[in-house]
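Peer 1: Given next are the chains, with one letter for each unit.
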Amino acid sequence: MMGRTIFIDPGRCIGCQACVSACRECDSHRGKSMIHLDYTDEGHSVASLPTVCMHCEDPVAPCAEVCPADAILVTADGVVQQADTTRCIGCANCVNACPFGVPKIDLQAKLQMKCNLCYDRTAYGLAPMCATVCPTGALFYGTLDELRAERPGVQVADSFTFGDVVVQTGVAMVVPADKVQWPVPGGLPVVEINGVDVSGANPNQGGGARQEGVR
Amino acid sequence: MTEPPQTAEPTTPEPEATAPVPEARAPQTPAAVRRRAVLAGTAVSVLLILAIVFGSRLLRDFDSALLPYAVATVFLAFGVAYRYTVWVSAPGARRLFRQGWRSFFSVANFRRAPTALPRMIATYLGFQKFLGARSHARWAAHQLLFWGCVLAALITFPLTWGWFTFTSNTGDGPGYEMRIWGIKVLGFNALNIIGWLMFHGLDIAAVLVIAGASYFLWRRMKDRGAVTGQRFAYDLIPLIALIVISVTGLLLTFSSIFLHGGGYEFLAILHMVSVVFTLIYIPFGKFFHIVQRPAAVGMQLFKYTSRRKDGAGEELQTCRRCHEPIDTPEYVENLRGTMQDLKLDFDAWAEYCPRCKRVLRGNAYLTHVKKGFK
Amino acid sequence: MTATDPSRALPLDPSVAPPGTRNFRDAGGIPADRWHADQNGETLVPTHCCFCGVQCGMYLRVDRAGKVFGVEPRNHDINRMRLCPKGINAYQQVNHPDRLTSPLMRRNRDEEFRPVSWEEALDHTVAEIRRIQGEYGNDAFGLLGGASLYSEKTYLVGKFARVALKTKHVDYNGRLCMVSAAGANKLAFGIDRAGNPFSDILLTDCLLIAGSNVGECFPVMTQYLWGARDRGATLIVVDPRQTAIARTADVHVALKPGTDSAFFNAVLHVIVAEGLTDEAYLADRTTGWDEVKATVAQYPPSRSAPICGVPEEQIVQVARMFAGADRAMAWHARGVEHHSQGVENCLTIINLCVATGNIGKPGAGYGTITGQGNGQGGREHGQKSDLLPGGRSISNPEHRRQICEIWGIEESELPAAGTSMMEMVWQMQRAEIRGLIGICNNPFVSLPNYATVKEGYDTLQFHAQFDFFLSETAANAHVVFPVTVWAEDEGVMANAEARVVKHNKAQEPPAGVRTDTWVMCELAKRLGAGDKFAFPDSRAVFEELRIASAGTVNDYYGITYERLEETGGIAWPCPTTEHPGTPRLFEDGRTYHPDGRIHMQVVEWHPPMDPYSEEYPLSLTTGRTVAHFLSGNQTRRLGALVEQTPRPWVEVHPSHGFRNGDPVRVVTRRGSEVFPALVTEAIRPDTVFVPYHWPVPTAANALTIDALDPRSKIPEYKVCAARIEAAERVDEVPAPPTAPGRPAYPETQVSRTDPLPPTSPQGRGTAERS
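Sequence order for the protein chains is F, S and A. So in my numbering, spot 112 of the first sequence is number 112, and the numbers just go up one at a time. So in my numbering, spot 92 of the second sequence is number 92, and the numbers just go up one at a time. So in my numbering, spot 111 of the third sequence is number 111, and the numbers just go up one at a time.
Quick caveat, the hints were computed from the structure, so don't treat them as lab data. These numbers come from a predicted model, not from an experiment. It is possible that some hints are incorrect.
Computed cross-link-like contacts, SDA-like style, restricted to lysine to any residue with a CA-CA straight-line distance of at most 25 Å [said to hold, decoys possible]: (1) S/LYS374 / A/ARG320; (2) A/LYS361 / A/PRO536; (3) A/LYS166 / A/PRO536; (4) A/LYS293 / A/GLY309; (5) S/LYS374 / A/ASP250; (6) S/LYS371 / A/PRO536; (7) F/LYS179 / S/VAL369.
Here are some chain S residues the structure puts well away from chain F; computed CB gaps all over 12 Å [what the hints assert, rightly or not]: (8) THR42; (9) ILE52; (10) SER64; (11) ALA113; (12) GLY126; (13) HIS142; (14) ALA153; (15) PRO158; (16) GLY175; (17) GLU265; (18) ALA296; (19) ASN334; (20) LEU342; (21) TYR365.
Even for Gly, the Cβ is constructed at its ideal location relative to N, Cα and C.
With the hints as constraints, model all of the structure from the sequences given.
Peer 2: Following this line, the structure appears as structure tokens:
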């Protein structure tokens, strides 16, 4: 399924937020940044994680599925577009349903906005702005072969587990060679909150056993 | 201008891709949805036909020259009812649809905030305040377009259906009376200002629509944000159709006043064709947002009333990790239900805010995939 | 819009959304409405970034009205389209509402500035120069340049001081940057530049990065580090903090600040002890090896490990890794250079490379990463107190004669060597220097021990400053000349590889703004040296610079604007217009000393100048963060960067018992300030860190010590003794100064007063913004 897409490698990310600034420069949403950059290991290290839309393929675009207004379209090349401005009613269903925490919402404008893989640039053969400027290659745009030409032997994974569900995505993440068969853990079930182990204390989540199996 | 390769609608709300397992309460097989939609469409069309027949006093007031328009409105009614039924059968829309109407019909809600609904309708449907937050220019242009279309529809639809008649006792003005369903509601002089407005209402509407649509067309040529992902059939045809209707409509007036009817026949046909096409197009393209937009009010009313609940006051569902507010508990419950309907079984995730989802995923990656460079 | 609304007055639109998903902030605080995306017919002007020494290529987007309105990545071989957040936002300086657009003047510091005509400002300045020099002698007037100027302008600064002002007191802010490396390079190799291009990093087997937070200060250079690792190279990072590159490094040596030479001596000790030196190379190519060997014999790991606060095994591990690699390479930056023994720290690293034979080969070598855009070029052509163009020494009679001939002056007229920037400030305090022109620098933020600096500048009878935004220093001056930003003039810069690149002019300067070249030439004309300063533009200056550098080590003669435009950059020395330039030095094994050998230097470690005591037990170290540049006069006005990192913080280890955001007072012998705590395990427990881009009362440099390296005269920014204590409330970041009657553009300053520290040294996550 993987054609030209974004490959994310948090191990290379230096958290500089060039992607965040670059996203603002995109002509289709000038001034508004869609990418997320989180410091995921606060207090312990400077580790960081950039998050672009993962363009879910199976199940196809949960954000579009929960949309009550049919506002989120998926193009034939698998790109999940941002909400159609005429249809979006600003209900935030997509914001809270997205397993990766991607869509944003402008409450005043009643409009969802999210990464659309820089449709205005990719249509002209350019890479998305974030992956173009990323100083480290933590965000890489291209085919898997092009990635491997730069980083010999690199392996990627395009599926993520959220409890019992495996979500297969259009955007992939780099994984170590010995872990390529795994679906990458997506964070659910939650086993730890703010340093406290909650793995046994969360009745809402039934995926614990599965998580063990995945490991 | 970029045109993305054949855009597909999101798969799920469409009948083909709906989960095959039927729900306990409402059978949701694609065939069932289609059947229901056809039924709804037929029912609404029949009702409309009956309304035309009786509204025009058994066709006595019906203008046979307007027959094609009337037929098109019947098709329009069928299409809208059909699409609407399909639309609200999808889980996301259905749940919100129910919640919206429940809030609407709740007597308790009405007592607590009797003005909420009218205010919301005025804000979201009438003055479209949210568009101003997107861009002031787009808001202004859309208002022109909106009020122009509303004015035009209020005049033409009843005329087409034979519900309005304008008659003159003298046979040729200037004293006219306007009748609805045969009942006289207004008498006026065609030469004074009210009379002028009555006769030129459509011309005014056309001017408003042309101004608004031209701005949008110009923007679709220039603005890179708008050009991105723009499709001819979806984004440009509606604007072109509106402009053609308005221009030909204006030319009809021009022809009758200045050219003594020169070219009137041709223009009338062109005008009719464009109107009929647009009416039939409404359920399938961009114009369907006219039908969908009231859902914004339903959604808003639902969120509003669930936040006004007695005692609960300001209580919001907070993220299980960072304790920042996410939304009202009813909303989160509704979303989880939607996700369950769709077999998106990570609905428990909805109790975490997006940032915490990302941080927890980042943590899991550091712990279980790799910590460092390799 | 959040849950805090009182419940009775529930608004009609009570929608909530989780943090980080709502509230879009527009680009740079410049409202998106004013940045229409309907710019068809734009042109792309190829140029380079104005900020750091990497000198990334970029295109500036220019609209049909000729105004810069955006940036587009450029596939230049330095950066291959990559840019950092500073580079992406750099263009917003060009048409920024805070720009100065007319000269400002006042008779004394109690008055407000008033806008005046260029004639009045220039005439007044010249009258003051004549008055001060007439009364107190030529050397009573000083000139301070900057290393973010184009090389043409740095050449003019040196010439203006010596020929027009006829003063010996000229120096520049590169003195605060990488002069220690310059000194070490000159001593060891006889040439002052990095030995290898960035692309050699990709070929190395072992990469040592010492005292450089590459991920934040040179983000785009990280691609070379990662590229080397992709091909199997090991990475060693020496840094008291676990920076982004240190986090994943194969070895992270988290040594105590101020102990670098003890560490590198010990590493060399192990290399010698384990017989990993390249004896043949040492015998052939070097002098002084025996002395160095004898010295490092005194530094066994058992001695250095306690000094540095690292395990002995780590020293051995680094030694084996570095010396065991086929091709090894070392790059360093301010972390080892900003010390009272900065030159010596650099020399210990040079010794390491030389002893293992890692010099002048593909993938093997040594370099310093220059901090300012023209950190390399700015020190080459005579704005340094002791240097003349072409890296010539002002004390060398032969060099003096050559330059006097080129400039057409009598040798007796050419002043002697002056003093360094910090020393000039002390001279101002003592009223030995009574008048000053500052060009492209902001010492009120960038010099150590702010109290001294302020006193020195306040003692000046006359102070003029060139800048395009009103810096904290300019706000204290008598005359401010509004000059161009980098995109409004053309010129060359030399990056950290000594590659000379050309910046192109993208737009006309706003009305009322002149180039630095024009202002210096006008002043020179009024000082009676007009015939020596008949330069209409940068190109004319560059032609003279080429000639003035011909035949020297820093030979620019073969570099022309046309060649630079064709090639995308040429590394000097480049003696003829056919010469391809010299990306890699010492390939023939010869250095630029007359004997062609590397002169290895003995280094003994000594403790930092600010002694630890019971009262001041901790080390305070300072540095940069990725969203800001140097004194922040440019970046503290760009909304996106302010939003990413609105304020400084103090980074402390959890063992001190503070929680994130707690107000913590940092006290040194020179002052105390309160910062919010960023509590992280990524810093040594005995060390605290404060970034330095902000002015008082949030200035790290109000705390640092003005102790200098005796050779390079670089201040010891990277270590001083401190203590921390709980405080009541954090000090607020002041707004950047602006011309009278015009507030700092409010949209860009929205998050400036947010009290919380960022979540990580790189800034606040996107979901953590107010």
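Peer 1: Under the criterion that the straight-line Cα-Cα distance not exceed 25 Å, is the pair A/LYS166, A/PRO536 satisfied?
Peer 2: Answer holds: A/LYS166 to A/PRO536 is near 22 Å, not above 25 Å.
Peer 1: Please work out if A/LYS361 and A/PRO536 have their alpha carbons no farther apart than 25 Å.
Peer 2: Violated. A/LYS361 to A/PRO536 sits at ~43 Å, over the 25 Å cutoff.
Peer 1: Check the non-interface label on S/TYR365: least C-beta distance to chain F beyond 12 Å or not.
Peer 2: violated (6 Å)
Peer 1: What's the verdict on S/LYS371 and A/PRO536, does the C-alpha distance respect the 25 Å limit or exceed it?
Peer 2: This hinted pair is violated, its Cα atoms lying about 57 Å apart.
Peer 1: Examine each Cβ of chain F, and state whether all of them lie more than 12 Å from the Cβ of S/ASN334.
Peer 2: violated (9 Å)
Peer 1: Under the criterion that the straight-line Cα-Cα distance not exceed 25 Å, is the pair F/LYS179, S/VAL369 satisfied?
Peer 2: holds (7 Å)
Peer 1: Just want to verify: S/GLY126 was marked as not at the interface with chain F; is every Cβ pair farther apart than 12 Å?
Peer 2: About 15 Å separates S/GLY126 from the closest Cβ of chain F, which puts it past 12 Å; holds.
Peer 1: Verify the proposed pairing of S/LYS374 with A/ASP250, using a straight-line Cα cut of 25 Å.
Peer 2: holds (10 Å)
Peer 1: Could you check that no beta carbon of chain F comes within 12 Å of the beta carbon of S/LEU342?
Peer 2: violated (5 Å)
Peer 1: So is S/SER64 really clear of chain F, every C-beta pair being over 12 Å apart?
Peer 2: Non-interface label stands for S/SER64: nearest chain F Cβ at 36 Å, farther than 12 Å.
Peer 1: Below or equal to 25 Å on CA atoms is what counts here, so check S/LYS374 against A/ARG320.
Peer 2: holds (21 Å)
Peer 1: Say whether it holds or is violated: S/GLU265 keeps its Cβ farther than 12 Å from all Cβ of chain F.
Peer 2: holds (36 Å)
Going through the hint list in order, the structure does not satisfy hints 2, 6, 13, 18, 19, 20 and 21.
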